[in-house]
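Chains as they are written, first to last, in our numbering: chain W, 1 to 264; chain B, 1 to 274; chain S, 1 to 314.
Heads up, a few of these hints could be off.
[Claimed, not checked] Derived DSSO-like pairs: lysine-lysine, alpha-carbon spacing no greater than 30 angstroms straight-line:
id	chain 1	residue 1	chain 2	residue 2
1	S	K213	S	K133
2	B	K268	W	K7
3	W	K84	B	K99
4	S	K196	S	K242
5	S	K16	S	K129
6	S	K242	S	K213
7	S	K183	S	K243
8	S	K129	S	K196
9	S	K243	B	K99
10	S	K196	S	K213
11	W	K84	S	K16
12	S	K243	S	K4
13	W	K136	W	K84
14	S	K213	W	K7
15	W	K84	S	K183
16	S	K243	S	K196
17	B	K151	B	K268
18	W	K7	S	K242
19	S	K196	S	K183
20	S	K213	S	K183
21	S	K213	S	K243
None of these hints come from the bench; they were simulated from the model.
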Amino acid sequence: MANPYVKLLGAQIRSQLQYRASFFLDLSMATLLSAVDIGALFLLFRVTPALGGFGWREVILMTAISGAGFCMADLAVGEIERLKHYIRTGLLDTVLLRPMSALGQLLVLDFATRRAGRVVQGTLFYLVALTVAPVKWDAARVVYAIVAPINAAVFFSAVFVTLAAIAFWWIESGDIANAFTYGGRDFTAYPSTMFHGWFRGLFAFGLGFAFVAYLPALALLGLSEPIGLPDWARWCSPLVTLVVVLIARATWLAGLRRYGSTGS
Amino acid sequence: MSAPAASIPAGSLRAFLALVGAGYRRFSTYRQAALGSAFTNAVFGFLRCSVLLTVAAAGAGGTLVGYNPAQLATYVWVSQGLIGVINFWTQLDLVERIKSGNIAADLLRPMDIMWMQLATELGRSLFGLVLRFTLPITVGAIFFDLYLPGKPHVYLLFVVAMVLSVLVGFLCRYILCLLCFWFLDIRGFWTAWVLCSGLLGGLQFPLPVWPDWLVTTLWVATPFPLLLQGPLDVLVERESGAVIGLQVVWLVILFGVSRLMQGRALRKLVVQGG
Amino acid sequence: MIIKTAGLRKDFEVRKKAGRLRRVTETVTAVDGVDLTIERGELLGYIGPNGAGKSTTLKMLTGIMVPSAGEVTVCGLRPVPDRVALARRIGSVFGQRSQLWWDLPLRDSFALLRHVYRVPEAEHTTRLKACRKLLELDEFMDTPVRQLSLGQRMRGEMTAALLHGPQVLFLDEPTIGLDVVSKQAVREFLASLRDKGDTTIVLTTHDLADIEKLCERLIVIDHGRVVHDGSLAALHDRYQMKKQIVVELEEPWAGDQRLDGAALVGVEGLLIRLELDGASVGQVVAQLPAFRDLAVVEPGIEDVITRLYGSDRG
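Bound conformation, chain W alone (with noise of 0.2 angstroms):
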């Protein structure tokens, strides 16, 4: 018998393309709207050399490794956003009613199939930049260009469904997740050095938003970090995504578990 969540994402993907016309243009649209993110960097190199202390080589390739990791969260897990639609209307109920599981149901149950051009144009966009970025060809960088946007899509759908699960605790929470969601991608799209202070701080340690990309793409550039982080560090990222991970799970099923003791 056919695995049940495929055959829901099936569904789920026939269900959008009802609106045919509407479905494409909203697909072309999501996938201009990415490209906006690298528009933006050649627009800002047309009037400044160098971004943080790096030239136009070296930060295309963090922008991409963002580009593409956000492009592949948020097509898997990005709907997850609408957990508080869900509990709001009840349909988390139908979901708990259903012998699978809850977060997987909620996955494909919203899949949205317009981000998918995304997924392709932010892929397309990654091999340009590995091949224009002055990378420091070798077997562990070889290994570390395939794990990177990889790492980056697994770290920002963690922090997909840890702000999601905010909705267990905090319905009305507005969109306070895209601070972290939309502004992680945009934290993580430039090089961290042109931050500053706490805030700096706060984002790219703190939340660990400078393993997703920076610290990566200076691993295969070959460069220092030049805010001080020993070189190793740079080679990191799948550890701190792990830690990520542990915490979007036991968010999740604690959130699920307050949900079972207060069904609001």
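Assemble chains B and S onto chain W, guided by the hints.
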């Protein structure tokens, strides 16, 4: 059947203001959500401001396309505050009402649908002024040096430009939502609008960062720069009366288009039953 | 025994405003020590006023909500820890929510549910066939769910809840908002399901006609406690609902007449309403002055229920 008259008789003004008040009260029940959104606006303020200031510091004369650091900071933080007042990205109730068929009930009311929707949105904007406008700007003022115009009349001009930009933003969204009469799902159009209103409105960067020909085209041929770039340039004293004049022109154009569309949409509703 | 609860209890913490800034936490008990024993094949009516604790009980029985105290077993499983296993054995229809795919034809929803519940093809086909016939689904099997009428959708929801052959079916307001014909169709279907006897059905409803037509056993809950558990007839006896006689007189009621074994409960022009109290209809009629017409009114379930809720409130 002709479209209902688009003017507000004097007696209806009170009803309109009452609806604005009702809208205000309705949205003020979402105070926590507004706080959450203001927080997000503040985080984006930090992100955008840091990027622009870093670029300006590395550029010639410490400026970015003619904006000095204080002007840039004001530009970024006030734009984050304006998001919650103009509410670019929130769809009007109209969409749900068209989809559910409740729009038919609205036709029975003595007030035109457009005025009812506008009143609700003005109520939302007023509530936006309370938290979503003030909080990010306060945060910005604490952590960055903001540019403050010395002449009082600049603030007055800015308020006028802001009100006009609320109206222009409303009409753009109203037109998009009217498309629901013809297309069941307007998500695609909406994504396009979100993309254009932000990027071409000057949210990510001040428009002069773009190539000149593109900036000129945007100013001449689209209403997008009037949403943010216009009012913000008034505030940092790069522009003044011209922005307001252009806003009035676009207001007239958009109003005409929306009346035309609404007339057709309602005729379609009455003749074909939706 | 397919459902068993003992001392089932659910408390909620509610934060209330007290003054401008201060907030106090109050504990509200939604379900207060409910003991239920439901046998296989029963059709049970579970009723009570809004906020009595009906939905909370259902949520605890289906594994959506954790009880604060007490024991629950459904189909031999503990609902919350065994949620996924239990989900395969129960079906549910919550009147206000849909488990169907809004934009897809009804047929597709059924096919999807087969995969969700991993039902073997042959079994699925047999059950679907039976439902299609009984609920007359054929004419709208290919219609997207969003275009179905409420009655059609509800028939679809019933089918969706039964396709995996659940041992227990939970129905929350299945007839709410339906037109008379659809209500009748749903009731007939439930009656046939009850008569077959393999599915236990727990029905909550505000429509008392549902109860009168379907349920042998009735559990009434109010303020989180069971206030009645037994047949409808037992409920009548317990609250000693009295027969009434409505009489249309020739002359207006004099006002000073006394009747033995009956009490006057209403006068409206020539119409008077009497409630029997110990006397038979014949004995009362014999005492009446000349009249044109007369009707005997049996106590309806509405009166019983109103009195029941009322007595608890007092």
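Hint check:
Restraint check: the Cα-Cα separation between K213(S) and K133(S) comes to about 22 angstroms, which is no more than 30 angstroms; the hinted pair holds. Straight-line distance between C-alpha atoms of K268(B) and K7(W) comes to about 39 angstroms, which puts the hinted pair past the 30 angstroms bound. For the given pair, K84(W) sits about 22 angstroms from K99(B) by alpha-carbon distance, which is consistent with the 30 angstroms threshold. At roughly 35 angstroms between alpha-carbon atoms, K196(S) and K242(S) are farther apart than 30 angstroms, so this suggested pair is violated.
The suggested pairing of K16(S) with K129(S) is violated, with an alpha-carbon distance near 52 angstroms, which exceeds 30 angstroms. Note on K242(S) and K213(S): the hinted pairing holds, with a Cα-Cα distance of about 21 angstroms set against a maximum of 30 angstroms. Restraint check for K183(S) and K243(S): satisfied, since their Cα atoms lie roughly 28 angstroms apart, inside the 30 angstroms limit. Pair hint K129(S) plus K196(S) holds up; C-alpha atoms about 16 angstroms apart against a cutoff of 30 angstroms.
Straight-line distance between C-alpha atoms of K243(S) and K99(B) comes to about 51 angstroms, which puts the hinted pair past the 30 angstroms bound. Between K196(S) and K213(S), the direct Cα distance comes to roughly 16 angstroms. Compliance with the 30 angstroms bound is thereby established for this hinted pair. Only pairs whose Cα atoms come within 30 angstroms are accepted, and K84(W) paired with K16(S) is accepted, the gap being roughly 22 angstroms. For the hint pairing K243(S) with K4(S), the CA-to-CA distance comes to about 37 angstroms; that exceeds 30 angstroms, so the pair is violated.
Under the criterion of a C-alpha separation no larger than 30 angstroms, the hint pairing K136(W) with K84(W) is inconsistent with the structure, at around 45 angstroms. For the given pair, K213(S) sits about 40 angstroms from K7(W) by alpha-carbon distance, which is inconsistent with the 30 angstroms threshold. Proximity of K84(W) to K183(S) is assessed by CA-CA distance (about 33 angstroms); at most 30 angstroms being required, the pair is judged violated. About 35 angstroms separates the Cα atoms of K243(S) and K196(S), which puts this hinted pair outside 30 angstroms; it is violated.
About 52 angstroms separates the Cα atoms of K151(B) and K268(B), which puts this hinted pair outside 30 angstroms; it is violated. A distance of roughly 58 angstroms separates the Cα atoms of K7(W) and K242(S); the hinted pair therefore is violated under the 30 angstroms criterion. At roughly 20 angstroms between alpha-carbon atoms, K196(S) and K183(S) fall within 30 angstroms of each other, so this suggested pair holds. The hinted pair formed by K213(S) and K183(S) meets the criterion: a straight-line CA distance of about 11 angstroms does not exceed 30 angstroms.
At roughly 21 angstroms between alpha-carbon atoms, K213(S) and K243(S) fall within 30 angstroms of each other, so this suggested pair holds.
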